[in-house]
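Asker: Chains as they are written, first to last, in full-length UniProt numbering: chain R, 1 to 160; chain V, 1 to 160; chain L, 1 to 160; chain P, 1 to 160.
Treat the hints with care, as some may be off.
It does not matter which identical chain is meant; a pair holds if it fits inside one copy or across any two.
Subject to a maximum C-alpha distance of 20 Å in a straight line, what follows is the list of computed SDA-like cross-link-like pairs (lysine to any residue) [stated by the list, open to error]:
#1 K25 / G112
#2 K150 / A92
#3 K25 / G155
#4 K35 / L22
#5 K35 / L152
#6 K150 / L40
#7 K110 / S21
#8 K35 / N19
#9 K43 / E31
#10 K35 / G20
#11 K98 / A72
#12 K43 / A72
#13 K110 / E31
#14 K50 / H28
#15 K150 / T34
#16 K25 / L53
#17 K110 / L33
#18 K150 / R39
#19 K110 / S96
#20 K110 / N16
#21 K43 / Q30
#22 K150 / Y23
#23 K110 / F24
#24 K50 / G20
These are calculated hints, taken from the structure and not from any lab test. Keep in mind the model is a prediction, meaning the values are calculated, not measured.
There are 4 protein chains.
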Amino acid sequence: MIQIYVTGGTFDKEYNELNGSLYFKETHLQEMLTKGRNRLDVKTDTLFMKDSLEFSDTDRIQICDACLSVNADRILITHGTDTMTLTAEYLAGQISNKTIVLTGAMIPYKFGSSDGMFNLGSALAFIQVLPPGVYISMNGKVFEAGKVRKNLERGEFEAI
Amino acid sequence: MIQIYVTGGTFDKEYNELNGSLYFKETHLQEMLTKGRNRLDVKTDTLFMKDSLEFSDTDRIQICDACLSVNADRILITHGTDTMTLTAEYLAGQISNKTIVLTGAMIPYKFGSSDGMFNLGSALAFIQVLPPGVYISMNGKVFEAGKVRKNLERGEFEAI
Amino acid sequence: MIQIYVTGGTFDKEYNELNGSLYFKETHLQEMLTKGRNRLDVKTDTLFMKDSLEFSDTDRIQICDACLSVNADRILITHGTDTMTLTAEYLAGQISNKTIVLTGAMIPYKFGSSDGMFNLGSALAFIQVLPPGVYISMNGKVFEAGKVRKNLERGEFEAI
Amino acid sequence: MIQIYVTGGTFDKEYNELNGSLYFKETHLQEMLTKGRNRLDVKTDTLFMKDSLEFSDTDRIQICDACLSVNADRILITHGTDTMTLTAEYLAGQISNKTIVLTGAMIPYKFGSSDGMFNLGSALAFIQVLPPGVYISMNGKVFEAGKVRKNLERGEFEAI
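With the rest of the complex left out, here is chain R:
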């Protein structure tokens, strides 16, 4: 069984047509899994729905506690891309016996041209075959926590 924790991020942003802003309503994770005809045994829980630039230490502790306490060795976390590397590094310092993969999207799933489905497919694949550790799966690639940064100019993740 794979545990999926939703924490928000661009993945799940929606357009508020009443005021023209972007906001979170509810996660589209289940809809995405259905569209992808996923047949893996997954359990999805929403921890919170936040832009990752607004994550506090408390939020990361909550994610970490959820990963530690859950009865699953393989955990996928959907996460905003801006501070994904920070959370990955924090988790890597706290957890060593589980395979944890963080992923996200550059474009909201609801906005037609999203990379979300591609990233979700990659992340769920990596999580099944990688040894214990904390990883980021973006742009078709996988990176170990602490060895990756988001290139803000290019909008992509790269090894460091």
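Starting from the known structure of chain R, fit chains V, L and P onto it as the hints suggest.
Answerer: Only chains V, L and P this time, still in chain R's reference frame:
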């Protein structure tokens, strides 16, 4: 470097608005990789564009020859789902030193609700981490050639 | 109040992922009206769901009877494009005191790049302002019954 | 011939994946007309690309001058919904011998679930059949300038 061979399949089917039929025009693989913000080093070649129910032995031999002769150890093949297991088994009998992953889609990429992006993401992930062998990646899962069948009633792949 | 009669056509075709064929399940008319934020007072009924190449005389009589008996002077009919002109001519010979507009699509609504939303918007506009008569609304244009043909080579409607 | 003037608005907003904001790049009007299989003779010019909340008097004067000087009696203006009624009223006070229709969208065209195609279809239909005057076409309806307001709570246009 990952070599991608396109052979057609539902993945690439389009709707012909002049006569209401489904047909192949050209592959959408590059468009899908761009949408997924793929940053892996891939090379894409179209071997042919066919419904896999119409594959002949010659077609499978052509795929096999392409895999053997190319200077790449990791090869992704997009393929119709109906005879994907047959091609996988044939390749497994001929090639043992490369990691080959076959994938496809139940819904054409162009028809909005396709599982294609999800499957492409999964397949590109599996191909990076699995040892040499021939695999099928569908429904978020990965199967070894010879140990999988398409359940025609449910429209999904399952281990045998 | 505007009465909408659904009769099938490309508009409502879907992709059957189990056998790769196109078929009718149920109409997407209500979903399209919601997506268009339609606020007109409309009532939608499905007469049947058929490819218009398979319409019989009985089908056209049923459409005509429905138009005659309904308590509405403005009627929109969604219809396959292949025999839309025939039905329009038949209705024009039977009904003279109502504004009836037929429309359809070249690409199924469910296939992403459909002209369906555009045609539905046009048809609902024309129906509000045109005098009694039977019309076809396609390609942004409106044609009187009997003065239009479908150009099969170009896949568009043109005046004759 | 129908002249189309693009002035921006939600219609044409896009998502900037580098910073998560909404912005204008270029209009999607031509792409929308192609998708709708439009065969009307239209000419499209972009006057500017702005959120209509940021329109100045100068902007409205520019729109008005363009409408007056162009050699076309039927003019479609794509416009943000927030001040669409203001521009309509201003134009109605300056121009009386042309049929001018303003339309827009509540959801950007690029965001999948847009009402843009529906509104564009309606507006192009109304413009062909309505007598000289200035109108707003939204939600499938048409309103005369000065007799309509945007209901901000419901996100729809209504007669006053």
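Asker: Now tell me if each hint is right for this structure.
Answerer: Do the hints match the structure? See the list:
1. K25 / G112: Answer is both: 17 Å inside a copy and 17 Å across each meet the 20 Å cutoff.
2. K150 / A92: Result: close within a single copy only, 17 Å intra versus 39 Å inter.
3. K25 / G155: between (25 Å within a copy, 18 Å between copies)
4. K35 / L22: between (23 Å within a copy, 19 Å between copies)
5. K35 / L152: Between. Shortest inter-copy distance 18 Å satisfies the 20 Å Cα cut-off; intra-copy 30 Å does not.
6. K150 / L40: between (29 Å within a copy, 16 Å between copies)
7. K110 / S21: both (14 Å within a copy, 15 Å between copies)
8. K35 / N19: The answer is between: 18 Å across copies meets 20 Å, while 29 Å in one copy does not.
9. K43 / E31: within (13 Å within a copy, 30 Å between copies)
10. K35 / G20: Between copies, since 17 Å is at most 20 Å while 27 Å is not.
11. K98 / A72: Answer is within: at 8 Å inside a copy they meet the 20 Å cutoff, but 32 Å across does not.
12. K43 / A72: So K43 and A72 pass the 20 Å test inside one copy only (10 Å; across, 37 Å).
13. K110 / E31: Both: 11 Å inside a copy, 16 Å across copies.
14. K50 / H28: within (14 Å within a copy, 31 Å between copies)
15. K150 / T34: So K150 and T34 pass the 20 Å test across copies only (18 Å; inside, 29 Å).
16. K25 / L53: within (18 Å within a copy, 25 Å between copies)
17. K110 / L33: both (14 Å within a copy, 18 Å between copies)
18. K150 / R39: Classified as between; 13 Å across copies, 31 Å inside a copy.
19. K110 / S96: This pair counts as neither: shortest intra-copy Cα distance 34 Å, inter-copy 42 Å.
20. K110 / N16: Classified as both: same-chain Cα gap 12 Å, cross-chain 14 Å, threshold 20 Å.
21. K43 / Q30: Only inside one copy: K43 and Q30 sit 10 Å apart there, 32 Å across copies, limit 20 Å.
22. K150 / Y23: neither (23 Å within a copy, 22 Å between copies)
23. K110 / F24: both (11 Å within a copy, 19 Å between copies)
24. K50 / G20: both (18 Å within a copy, 13 Å between copies)
Checked against the numbered hints given earlier, this structure breaks hints 19 and 22; the rest are met.
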